[in-house]
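**Q** Below are the chains, spelled out letter by letter.
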Amino acid sequence: MSFKPLHDRVLVRRIESEDKTKGGLIIPDSAKEKPQEGEIISVGEGARKDSGELIPMSVKPGDRVLFGKWSGTEIKLEGEELLIMKESDILGILTGNKAAKAA
Amino acid sequence: MSFKPLHDRVLVRRIESEDKTKGGLIIPDSAKEKPQEGEIISVGEGARKDSGELIPMSVKPGDRVLFGKWSGTEIKLEGEELLIMKESDILGILTGNKAAKAA
Amino acid sequence: MSFKPLHDRVLVRRIESEDKTKGGLIIPDSAKEKPQEGEIISVGEGARKDSGELIPMSVKPGDRVLFGKWSGTEIKLEGEELLIMKESDILGILTGNKAAKAA
Amino acid sequence: MSFKPLHDRVLVRRIESEDKTKGGLIIPDSAKEKPQEGEIISVGEGARKDSGELIPMSVKPGDRVLFGKWSGTEIKLEGEELLIMKESDILGILTGNKAAKAA
Amino acid sequence: MSFKPLHDRVLVRRIESEDKTKGGLIIPDSAKEKPQEGEIISVGEGARKDSGELIPMSVKPGDRVLFGKWSGTEIKLEGEELLIMKESDILGILTGNKAAKAA
Amino acid sequence: MSFKPLHDRVLVRRIESEDKTKGGLIIPDSAKEKPQEGEIISVGEGARKDSGELIPMSVKPGDRVLFGKWSGTEIKLEGEELLIMKESDILGILTGNKAAKAA
Amino acid sequence: MSFKPLHDRVLVRRIESEDKTKGGLIIPDSAKEKPQEGEIISVGEGARKDSGELIPMSVKPGDRVLFGKWSGTEIKLEGEELLIMKESDILGILTGNKAAKAA
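Residue numbers (the working numbering), protein chains in the order written: chain A, 1 to 103; chain Z, 1 to 103; chain W, 1 to 103; chain P, 1 to 103; chain H, 1 to 103; chain B, 1 to 103; chain S, 1 to 103.
In isolation and in its complexed conformation, chain A is listed as follows:
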């Protein structure tokens, strides 16, 4: 089974970040209001302008992203908890080494 988000929505799988400081200390789970990392699983085809033209999505499947802790709606697909959110809830894209390691 797969899931196609409508319009400018994206399907995201949360990634537990390694909760360490620069110096290597582990950060407890109770630091609750931080944004979170995730990987884009699938994306909608984009919102449409008044002219009917599609606004292309700025993220694509595989992108490693950050989003606010309270963004999105949790859904369960085949027993896995995923998130659906609007592209506008995505704060930005992580690039480089660490992201590559995680992918």
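Simulated from the structure, these hints should not be mistaken for lab results.
Worth double-checking, as some hints may not be accurate.
[As the list claims (entries may be wrong)] Okay, the calculated bits of chain H under chain B, using three or more residues with CB under 8 angstroms as the criterion:
{"#": "1", "segment": "3-9"}
{"#": "2", "segment": "55-65"}
[Said to hold, decoys possible] Stretches of chain B that chain H covers, calculated by requiring three or more beta carbons in the stretch to come under 8 angstroms of a beta carbon on chain H:
{"#": "3", "segment": "57-69"}
{"#": "4", "segment": "74-85"}
As the structure is a computational prediction, the values presented were derived from the model and not from experiment.
All C-beta atoms, glycine included, are put in the ideal place defined by N, C-alpha and C.
Keeping the supplied structure of chain A fixed, place chains Z, W, P, H, B and S upon it in accordance with the hints.
**A** Here is chains Z, W, P, H, B and S on its own, set in the frame of chain A:
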């Protein structure tokens, strides 16, 4: 009797999803804030742009969809509980095996 | 006396639906948050676009419609309680046998 | 002294409706949330579109109208209590016998 | 010292209206939610459309106007309490005898 | 160090007005909800229209202005408390003698 | 690892300002509602107009900026606390000596 939603509304029949985890464990009904699955029964002809042109609907009767738990208005048609919601309340479309099985 | 709704408003007479389940059980009146049925009595000439052009109404007198329980403003015309609401509060149109019987 | 409403506002004099049911029973004054009748006293020249063009008013002095109970701002002109409201607060126009009688 | 309101704002001096009913009875000051009379002292040059064109003001210095009791911001200019409000807070213009008397 | 406000923001230095009535009485500091005077220190280059064109600012450095008591964000630049606010929070410009004296 | 903000967002590193008055007194940390200083680390490519054209960002990496105390979302990148906010949350740009020293 049938029901034609106005504008960009859709008529949806809720589908009780099989509440199992990947491993086969049954999930109790009390997990209340999850979005839900449904099948599109009928759709309006779409909203209209300022130019008068119709914006075509992105879902069609028979589509298996996910929507937020609190989306839509419950109505009763011939004794059956259905939901009317706007297309914008639909999070996305389920495709593939499981959806086929359910249809 | 008659009443002409302004712009995109409609005048609606509530219809008490037969509160029965498919199996014929009567549903008590206390199920209070359900949308309701009504018959369109008269309609405004429609809202206007910026260009001044009328946006034609999607419902017409005689249509059997559903609307949210809390939609509209109650008015009394010649002792009869009616509802004035915007067309956008109309969820959809009932068609076919039952509607015909009721008309 | 006269009063010229600005833009799309109208000046309205409330009309105490005959509070009787069809069967002739008098309805007590405590039925407080009903819309009310009024007569249009004067109207503004209308709102303006971005193009600068006037949007003509849909009501005119002498019209018998219904409006929501809580619509408008009460003002006192020469000791008489009147209401100023926007045209969009007018629900519709009463026509025919009863209105004629009242005018 | 003088004061030039910015954009579509106006500077207004409140006028204590003669609080009498038609029959000559004096109305106590505690009737607090009524709109109020004022005289326009100065006006801004008007808001601007997207095209950059000025939208001319609909009131001018000397106009006797009504406005909602809670409209505007009180300022003190050379010890005198005045009001600054947007033109859209002005309900309408008083014309004719009484206004003339007051001017 | 200097500070360049972004877009349609302005940097303002509060001016303690002489709190005297016309008759010369001093007004206590506790009259808290009045707008306040200030001098414009620097201005942004203005907001932009959809066309990309700049909307020129209506105030300039040196202008003596009034603004609402709760407008703006307080910042500290080199130990001095200043205010940053949007041009739309400026109620108007003071001109003439008193303003000159203060400048 | 680096981070690319989406659309008109910017990534900001807070700068602890030297909390001294002009006269050299140290200001305690409890002055909590003041805006804050930061340095722009990276910027998005800008929001898009309806035409699809990019609106260029008004800040660039290295800029020393002020923003409201409650602006932005805190994120942690490689153990360092940073802020993501919209360009519209940036109040203005600091220039000149002090900013240079800090860069």
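**Q** For each hint, tell me whether it holds in the structure or not.
**A** Hint by hint, here is what the structure shows:
For a cut-off of 8 angstroms, the count of residues in the segment 3-9 of chain H with a CB near a CB of chain B stands at 6, and the three-residue condition holds. With a threshold of 8 angstroms between beta carbons, the proposed coverage of the segment 55-65 of chain H by chain B is violated, since 0 of its residues qualify and at least three are required. Closer than 8 angstroms: that is the beta-carbon criterion, and the segment 57-69 of chain B has 4 residues meeting it against chain H, so the requirement of 3 holds. Only residues whose C-beta sits within less than 8 angstroms of a C-beta in chain H count toward coverage, and the segment 74-85 of chain B has 0 of them, not enough to reach three; the restraint is violated.
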